[in-house]
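What follows is each chain in one-letter form.
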Amino acid sequence: MGVEGIGARVTRKEDKRFLTGKGRYTDDMTVPGMKYACFVRSPYAHAKIIGIDASAARQMPGVIDVLDGKQLQADGIGNLICGWMIHSKDGSPMKMGAWRPLAVDTVRYVGDAVAIVVADSYLEARDAAEAVSVEYEEMPAVTEAIAAMADGAPQLHPEAPGNLIFDWELGDGVAADQAIASAVHVTEIEIHNNRLSPNPMEPRATLGIYDAAEDHYTCYTTSQNPHVARLVMSAFYNVAPENKLRVIAPDVGGGFGSKIYIYPEEIVCLWASKKTGVPVKWTSDRTEAFLTDAHGRDHVSKVKMAFDSDHRITGLKVDTIANLGAYMSLFSSAVPTYLYATLLSGQYAIPAIHANVRTVYTNTVPVDAYRGAGRPEATYLLERTIETAARELGVSPAELRRKNFIRSFPYQTPVIMNYDAGDYETSVAAAMEAADWAGFSARRADAESRGKKRGIGMSCYIEACGIAPSAAVGSLGAGVGLWESAEVRVNAVGTIEVLTGSHSHGQGHETTFAQLVAERLGVSIDSVNIVHGDTDKVQMGMGTYGSRSGAVGMSAVVKALDKVEAKAKKIAAHMMEADESDIVIENGELKVAGTDKTVPWFQVALAAYTAHNLPGGMEPGLKETAFYDPANFTFPAGCYIAEVEVDPETGKTDIVQFVAADDFGNIINPLIVEGQVHGGLAQGIGQALLEEVRYDPESGQLLTASYMDYAMPRADDLPSFKLSHQNTPCPSNPLGIKGCGEAGAIGSPPALINAITDAIGNNSLTMPATPMKVWQALQSVH
Amino acid sequence: MYETSYHRASSVEDAVKLRGEHEEGRYLAGGMTLIATMKQRLAAPTDLIDLRHIPDLAGISIDGRNVRIGAGTPHAEVAKSDELRAVCPALCNLAGMIGDPHVRHMGTIGGSIANNDPAADYPAAMLALGATIITDRRWIAADEFFVGLFETALEEGEMVTAVTFEAPEKAGYAKFANPASRYALTGVFVAKSADGVRVGVTGAGANGVFRHKGMEEALGVNWAPDSVAGADVDPKDMLSDMHASAAYRANLVKVMAKRAVIAAG
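Read top to bottom, the protein sequences are chains A and B.
For the first sequence, the numbering used here begins at 22 and goes up steadily by one.
For the second sequence, the numbering used here begins at -15 and goes up steadily by one.
Chain A on its own, in the form it takes in the complex (with noise of 0.2 Å):
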């Protein structure tokens, strides 16, 4: 490791332009003649559009047009789609209603975008947006997904009866029921996952941009992927085709997975550009976001685990209903299925697995991926029921979790994942270690002298990321491929550019990716500019979400090195009259091994480009592409702590220890990966204690629409972290690394929930655990 190298905790690159204000982001982007849209929205959770009359709204001040569904569709722009098809277990396909960019004939959620206005100002457009009539027919809304399947219940799309998008399922579900009935002891339990608002720190934003000349449109946008933005809105929307549509995502301020997807705005904005000859520009307000960017989590799910007599699990059984909202979402059907269902097995050896999963359509904002997709409810659905089952068998759950660990490696699990590598036994030793797990009995007495309810829960979560082997994926319905690409481009002076599919929106990949270059030529990570998010840039990709940027884009960079390494030797045994085989690469330079001959990293560059003494037949200049497709998921697993202090007299919970012990694999920048694991413990702890979108159940209204009634976590809500790193490294791909920009939304909010139920005697507690709730726990418990 040098001091910019692999491993080294370099600070961030980018930091000193966010930090400053100096970002530049969507909203940020000015072109001449730039107008402003406002989105007509319905205010009811399900109706029908009799009429809208834009008349008025055309005559107001500074107004430019007024764009409706019908002439969107008149101009052939195409649904919104799920780009991951999932059959029923009945074989047929999932029932997909359509989603128009702009409503046609009905609404089917708060927020649901009618018409577009375009005007001189913000303002006005919001102004006339106001004065825009539109006529609905009010009709019955359900919002929860339980309700949605019950008799009677309003129906969304007649493409779904009852509401039912699939009903799915995986692993094998006769050995599992044969494993419950012959159990000495099953554990059953009601698992409530909470939606969630992402909340990004940046709102959406979009700037539509139509050059009639050249036929020709750009997107600015607030996209975690803008490579996948453009593939769709061509190929699926037929906004324009690729060539003449530029996807750019200039620095963007979080996204937590609500910035995969491809909104209506992005489309309509694209449209409206070309309509009305200028270009548009669109930036959500935060109630905008709270209605309008899809949510996560909302699964109800039923568990029967069963044990031996030894207490090994010998069975699960798992059914899950998760409320994917008013439409599907891009990825919206892999969440609860192929995200979720596969990492069933957890860090145990389960024989037999059987998980079942309906979805279905409710009058609320569409459900999809948010940091974790799948794995969180996974990992908390099991990680309370075996903390439950321990309670009842009288065991400890550490022990009962040890019982169980998988201890050899690969290991295939009923439900498609084959772990990799893996070793769960350290890293709960050193979690409990550093939670002192053995002095918790006396800082339990402490807490009860002091009017204290004192509690310590645990969680093992294992979680599968960097997605992900695209002829794998491809087999189980995915739309797209998920490799990654990259770009090396040296330049004449030796410095370096380096072109990726991935994206960075607050992950740190301008330091990171640099540091991976600094680590293999010894140059220093001032000298290597790492390019993203322009389609007109990069060539192609597939973004960053599910933790892949380390595992697959940096892999892909790393085939690119190797391929511009291998040239640069070539070019250095010339120029010294050495062997190919001789040359290594230090420090910035190129030396013949055991001798003192080198040449300058840079002089070698210069070579490549002036040509005037290049081996014979080889073609000038020094850049390489590279695409990467993993051979498997990786799996970062975990041992989280948590130990809580909750106050019996107002129910508050107090969080006085988190101990996270993970293993990612091998690091690049430890400061980095720790940030990522402080603000995916801050999300898990917001879920667990804080955050909940709640809808009226009668008039489908988002009751949570500001930070007035949505609880995010504040810094005053958390604890100082104690996080340690276990790695054993990734064997498939040349990094040895994983994933780690999830884990702690995942591992998290079990721990606290085990947490809390230790201290107050009372297991039926649903997140949020709420001062409240608690509150209302215990007092069934006196």
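No wet-lab data here; the hints were simulated from the structure.
Careful, some of the hints might be misleading.
Said to hold, decoys possible - Cross-link-like lysine to aspartate or glutamate pairs, in silico, EDC-like; alpha carbons within 20 Å at most: (1) A:K473 with B:D210; (2) B:K23 with A:E151; (3) A:K673 with B:D225; (4) B:K23 with A:D48; (5) A:K34 with A:E540; (6) A:K743 with A:E454; (7) A:K69 with A:D198; (8) A:K794 with A:D668; (9) B:K23 with A:E454; (10) A:K584 with A:E640.
Chain A is fixed; fit chain B onto it per the hints.
Same frame as chain A, but now just chain B:
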């Protein structure tokens, strides 16, 4: 925000005159509620009369145990006033619990009590301290001032200029914050003076801030944290919303009252 006209008042008289000229106008103090409400288009005053540059509204003056706080005094100034802390530290502590640092440097005591948000902190203190609200035209006892949810005794165009009260022997405030907004889910201010004990409760009452007579009597007999345990707090009198049920708020009223007495010492 809809279009509005801005006026900077130079004196109380000037402000009242401007307000009289604009039927749909509003006074603007710190703007911590009004501006946010306007941005959400839930309020649309034609004119804003800015009170923030009126010298007479600023500052805290103490004469013996008599306290006068100008309506334009921001919460941060109340929180850090050594003179006030010497005679009534509980009010400094309360001011330090309002919102966040940005809010505390913009929001004012006059704006807070004139708005009478049912979850605001100051109204509980005004009631418990037996404060008098001074306006451009009269003096109003706190008991008469706070009428209901967002309702006060202020007449059209009437403006709060100051509050005044006699510093109590002891006082304390305990607040249980809404996890989302950090407003008071329940806040209780207790004050003990020669005239007896007064208890002001905010955040919890179905009709806004109120005094709890049962606790006042119990604490009058025995000024001790446990004295409030037997008080009757009827959930029927409490607010109930998605953040807290009436039963939970009724519990919090007792717990916060106890803690306020502990804080008072």
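TODO: Provide an ascending list of the numbers of those earlier hints which the structure does not satisfy.
DONE: 7 and 9
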